[in-house]
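Q: Listed below are the residues making up each chain.
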Amino acid sequence: MNDRIEKRIALKAPVSRVWRALTDYREFGEWFRVRLEGPFAPGQVSRGYITHPGYEHVKWEAVIQKMDPERLFSFTWSHPKSLDKATYSPDYSQEPTTLVEFSLEKTASGTLLVLTESGFDKLPSDRRLEAFRRNDGGWTQQMKNIETYVAPAS
Amino acid sequence: MSRQHRSGTAAIRRPRAPVFAALGDEVRLSLIAKLCAGQPYSISQLTEGSRLTRQAITKHLRVLESVGIVHSVHSGRESLFEFDPKPIEETRKYLDLVSQQWDQALARLKSFVED
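Chains V and G, in that order, are what the protein sequence lines are.
In our numbering, each residue carries its 1-based index in the first sequence increased by 246.
Every letter in the second sequence is one number past the one before it in our numbering, and letter 47, counting from 1, is 28.
Be aware that one or more of the hints could be misleading.
[Claimed, not checked] Coverage of chain G stretches by chain V, computed from C-beta distances (three or more under 8 Å per stretch; other residues unrestricted):
hint, region
1, -3 to 6
2, 79 to 87
[As the list claims (entries may be wrong)] Pairwise CB distance ranges (calculated):
hint, chain 1, residue 1, chain 2, residue 2, range
3, G, Gln81, V, Glu302, 42 to 50 Å
4, V, Val360, G, Ala37, 50 to 58 Å
5, V, Arg293, G, Glu63, 39 to 47 Å
6, V, Ile255, G, Arg58, 25 to 33 Å
7, G, Thr34, V, Ala287, 23 to 31 Å
8, V, Ser364, G, Val54, 32 to 40 Å
9, V, Gly284, G, Gln36, 48 to 56 Å
10, G, Lys67, V, Ser349, 30 to 38 Å
11, G, Ala37, V, Asp270, 46 to 54 Å
12, G, Gly30, V, Val360, 40 to 48 Å
13, G, Ser11, V, Gly365, 22 to 30 Å
Simulated from the structure, these hints should not be mistaken for laboratory data.
Glycine included, C-beta positions come from ideal geometry on N, C-alpha and C.
All chains should be modelled from the sequences, with the hints used to inform the complete structure.
A: Below is the structure:
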C-alpha cells in the first residue's frame, strides 16, 4: 500500500511570499489554523493548539527538521488517534510519526509547492525525537562544511 | 465470527502505525496476497513453495495477527489463518482523511498568499 501523500499546487505568488507563509509561525498559524507558542527553528519542538472551529482541544506538536530558505521546509509530527472531542487523547504513542516536507520551486507564474507526508509506519518515541534533533544539528553543520568546501574561492 | 460494521471516526481508532509497519514487508505482503482470496490456509500450505522455513512464516503470521490483518482459527489439530480486510480498509480511510485535510489546508494557503 502506498503510505505516502504527495500534493502539488501552483501558487500565483513569489517564492519569497510562500516561504514566509510557511515558515513565519504566525502566518503558518493563519492558514494552517494553529496557535503556536513561538517561531520555528530547526531541531526545536513547536507547540500549540489547533484553532479550527470544533478542534480547539487538539494539541499541535512538531519537531522542525529543515529550513532551507525558499527551498525546503520540513517537520515531523504525530497524528492524534481521534480528533473527536469525546474520544480525543493527547497520547500519540501508538500513532505514526510522519515527515512533512514542503518544497518550493520558482515558476513563470509564481511558485510550485510540493507537499509530501511520509513514514506512516513509524512509531514516535522520545528517543527518536532526540535523535532527530541531534541528526539535524549534525546535518546542518555537515551541509555548512560542504558549502564552504565547494564555494569558489573569492 | 461477528462482523462489525463501524462507520466514520469510530472505524479509525485502531493504532495505525503498527498496521502500516506490518504491511511494510515483502513476505507479509505475499502472505496477504494469498490469504485475501478468502480461503483459510494452514502454516504448511503457506510454507509450501516458499523459500522460507515454517518458523519464519509463523513469525510473519503472528505479526499480521497482532494487528488483526489475519486471524487464526482451529481446525482439528491444525491452526488455519484467515484474512480480515478491516485493518487495511481503516488504514486506507485514514490516509484518505489525512489527504483531504491537506487539500483543505493547501487551499487556505493558496488564498492566503494570492490575496
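Q: Now look at each hint and say whether the structure bears it out.
A: Consistency of the hints with the structure:
1. -3 to 6: holds (count 7)
2. 79 to 87: holds (count 6)
3. G:Gln81 - V:Glu302: 42 to 50 Å: With Cβ atoms ~20 Å apart, the hint is violated.
4. V:Val360 - G:Ala37: 50 to 58 Å: At 39 Å between Cβs, range violated.
5. V:Arg293 - G:Glu63: 39 to 47 Å: holds, 44 Å
6. V:Ile255 - G:Arg58: 25 to 33 Å: Cβ of isoleucine 255 (chain V) to Cβ of arginine 58 (chain G): about 59 Å, so the range 25 to 33 Å is violated.
7. G:Thr34 - V:Ala287: 23 to 31 Å: Between threonine 34 (chain G) and alanine 287 (chain V), where Cβ atoms are some 50 Å apart, the hint is violated.
8. V:Ser364 - G:Val54: 32 to 40 Å: This hint holds: roughly 36 Å between Cβ atoms.
9. V:Gly284 - G:Gln36: 48 to 56 Å: Hint holds: Cβ distance 52 Å, inside 48 to 56 Å.
10. G:Lys67 - V:Ser349: 30 to 38 Å: holds, 35 Å
11. G:Ala37 - V:Asp270: 46 to 54 Å: Holds, since alanine 37 (chain G) and aspartate 270 (chain V) (Cβ atoms, about 52 Å apart) stay within the stated range.
12. G:Gly30 - V:Val360: 40 to 48 Å: holds, 42 Å
13. G:Ser11 - V:Gly365: 22 to 30 Å: holds, 23 Å
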